[in-house]
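Residue numbers (UniProt numbering), protein chains in the order written: chain A, 1 to 337; chain B, 1 to 337.
Some hints could be false.
Unchecked claim - Calculated cross-link-like contacts (lysine-lysine; reagent style BS3-like; alpha-carbon spacing at most 25 Å):
hint	chain 1	residue 1	chain 2	residue 2
1	A	K206	A	K297
2	B	K217	B	K243
3	A	K56	B	K56
4	A	K206	A	K217
5	A	K41	A	K129
6	A	K41	B	K56
7	B	K56	B	K315
8	A	K56	B	K217
9	A	K56	A	K41
Rather than coming from a laboratory, the hints here were simulated on the basis of the structure. Computed from a predicted structure; not experimentally measured.
Number of protein chains: 2
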Amino acid sequence: MTIYDVAHEAGVSVATVSRVLNNTAPVSPKTKQKIMTVIEKYQFQRNALARSLKKKETRTLGIILPDITNPFFPEVFSGIELEARENDYTLFLCDTMGEYERETQYLYMLRERQVDGIVFLGGRINLSKVEQNLAEELQTFAQRVPTVLVNGSIPGNPIHRVCVDEGAGTEQAVRHLLALGHTDIAFIGGLEYMTTTMQKIRAFKKVFREHGLTVRKEWILYDDFSLNAGKRQMKKLLHMSHKPTAVLCVNDYTAVGAIQEAGRRGYSIPNDISIIGFDDVPLATAILPEVTTVSQKTELLGRTAISILHKLIQKEKVKKLTVIEPELIIRESTAQL
Amino acid sequence: MTIYDVAHEAGVSVATVSRVLNNTAPVSPKTKQKIMTVIEKYQFQRNALARSLKKKETRTLGIILPDITNPFFPEVFSGIELEARENDYTLFLCDTMGEYERETQYLYMLRERQVDGIVFLGGRINLSKVEQNLAEELQTFAQRVPTVLVNGSIPGNPIHRVCVDEGAGTEQAVRHLLALGHTDIAFIGGLEYMTTTMQKIRAFKKVFREHGLTVRKEWILYDDFSLNAGKRQMKKLLHMSHKPTAVLCVNDYTAVGAIQEAGRRGYSIPNDISIIGFDDVPLATAILPEVTTVSQKTELLGRTAISILHKLIQKEKVKKLTVIEPELIIRESTAQL
Chain A
1 MTIYDVAHEA GVSVATVSRV LNNTAPVSPK TKQKIMTVIE KYQFQRNALA
51 RSLKKKETRT LGIILPDITN PFFPEVFSGI ELEARENDYT LFLCDTMGEY
101 ERETQYLYML RERQVDGIVF LGGRINLSKV EQNLAEELQT FAQRVPTVLV
151 NGSIPGNPIH RVCVDEGAGT EQAVRHLLAL GHTDIAFIGG LEYMTTTMQK
201 IRAFKKVFRE HGLTVRKEWI LYDDFSLNAG KRQMKKLLHM SHKPTAVLCV
251 NDYTAVGAIQ EAGRRGYSIP NDISIIGFDD VPLATAILPE VTTVSQKTEL
301 LGRTAISILH KLIQKEKVKK LTVIEPELII RESTAQL
Chain B
1 MTIYDVAHEA GVSVATVSRV LNNTAPVSPK TKQKIMTVIE KYQFQRNALA
51 RSLKKKETRT LGIILPDITN PFFPEVFSGI ELEARENDYT LFLCDTMGEY
101 ERETQYLYML RERQVDGIVF LGGRINLSKV EQNLAEELQT FAQRVPTVLV
151 NGSIPGNPIH RVCVDEGAGT EQAVRHLLAL GHTDIAFIGG LEYMTTTMQK
201 IRAFKKVFRE HGLTVRKEWI LYDDFSLNAG KRQMKKLLHM SHKPTAVLCV
251 NDYTAVGAIQ EAGRRGYSIP NDISIIGFDD VPLATAILPE VTTVSQKTEL
301 LGRTAISILH KLIQKEKVKK LTVIEPELII RESTAQL
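Please take these sequences and the hints and turn them into a complete structure.
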């Protein structure tokens, strides 16, 4: 259905249809009505693609993330969606399933689709040592397409980013445990080469140092970010002759796994061991005991990423780094020693 | 960066660049190399939008769903993503946040973006009585844009759909409880006007009838699909003088809420009460006891939706209804009476 078909069916000229569509010159109400009836009948639509070509904007954004089934990301995505809708953007969701190669493919694809900007979460921007070609690829991309990184960074020229201060969040968590009388504290989960793990452990050690305490090396148990990681590492801890009285977990998933494993072995949480998570995903309140955790303010995080990106697209000045303060949420999985 | 810029920088004619890009005529290796270097240098890309206009396809699909933070949908989305990638589609994810008006907005927007097809989950297609204008809108849309409905339907001409047989899944769950000796069974959660709730209750009553049993009306407790619905309704059940020995839940979320509430009130699951969920989302194995549930085979469901949609787009014949058989997964939340 083109403008020519509409003109033909309404028995008017193409110019008249154009006048009505673009409101460029007055047309008699009767003629206008005739044209609108045909348009409604066929649900004639202006061609969004053609308009995009002309306007050099597509009002589409690409969202690259590593795993939509990890509940942290849908929560952030909700904030992204809310803010994107308010600014009339539609979203391509690109789930890389944790593979760097797919990140590359999606970057290429999103450029080809001429998105107005992208938000990048997880993957290579969370590596403490990223391969040079992965870094350069994203740098080059960001020079051409407005880009915002969430909770990560990349070597080279700083790309605009919004980060939750995970170190500050971890400090709050450790101070909470110290205030409850715990000094035998273990750390569970997280890949050693990911910045999110490193930042948390660094903050953990910092607070301990400030209190003249030392973190026991054998109680730092790296693993991945899954429920099973929490189970595996809790099992290890419970087999040690000297057991911690409290456990910091890299995220809520591992905390819930740790709580499940402890419960299965007859330990009562928080009476026998205090456990603390990170993220505040819905899972944290689904189990008994509800999990004490650090909120990353996921909706705000997602909204902020888009509001920064929108400003970049409109060529407004934005500071390179926006920091969101996390918040300790005390629930039932931590108790006085 | 246009083809003219490439030609200029490489010191060759536009026609030569075109020959290389489109491989329409032989070009000397040396010239080709020169052009490719310039192209790589500037990451020259063919204009995907222009190509889409010419080809009348965009290789984009729209996915409309009600709530990405409900873990059922990310699980289905993963299957959708896997199959879409294999067929070279990129996905617009449209989260309606449960509002019918947003469904309308997204349908309009996706048509304007000229997606090659859409997958529709939840919302109006799950209403047992849908308003006529909502039904007609989707019917009209589906006549123009290839459309696949997941776990739902709409009055009027049948639209292609893929459904898990939720009735059959519920029958398996009820038979499992009967085999364990339970006949005092309650049903928790689900909005009364949603087909997913109705189908399950109908199947529950059917199996009971077959065994000469009657479902107690006061034990059918409608609510929404949330964790809190499970908590609220379990609390009601535990306040009754005659309590059920087993509870069927509309989904895993309500089952986990019910388990949490029972635990909080000192009931041991499954020793005191057996509880069974539906969906098999990751949450089902995150808690203690792990939840007996009915798997909707979410990845297969998502994959199947896209493979049907892809056939529709290619104008292949596909049957209107594809049914996926669900599977009872026996875990720890159900036990012999």
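Straight-line alpha-carbon gap A:K56 to A:K41, limit 25 Å: Judged against 25 Å, a Cα distance of about 30 Å means the pair is violated.
Holds or violated: A:K41 with A:K129, Cα cutoff 25 Å? Given that 25 Å is the threshold and the Cα spacing comes to 59 Å, the pair is violated.
Take a quick look at whether B:K217 and B:K243 sit within 25 Å of each other, Cα to Cα. 13 Å, holds
Are the Cα positions of A:K206 and A:K217 separated by 25 Å at most? With Cα atoms ~14 Å apart, A:K206 and A:K217 stay inside 25 Å; holds.
Could you grab the alpha-carbon distance between B:K56 and B:K315 and see if it respects the 25 Å cut-off? Satisfied, since the Cα-Cα distance of roughly 14 Å is no more than 25 Å.
Between A:K56 and B:K217, does the CA-CA distance stay at or below 25 Å? 61 Å, violated
Does B:K56 lie within 25 Å of A:K56 when you go C-alpha to C-alpha? 20 Å, holds
Are A:K206 and A:K297 close enough, with their CA atoms no more than 25 Å apart? Measuring from Cα to Cα gives roughly 24 Å; hence the hint holds.
A:K41 and B:K56: Cα distance at most 25 Å? 22 Å, holds
Going down the numbered hints, you'll see the structure goes against 5, 8 and 9, while the others check out.
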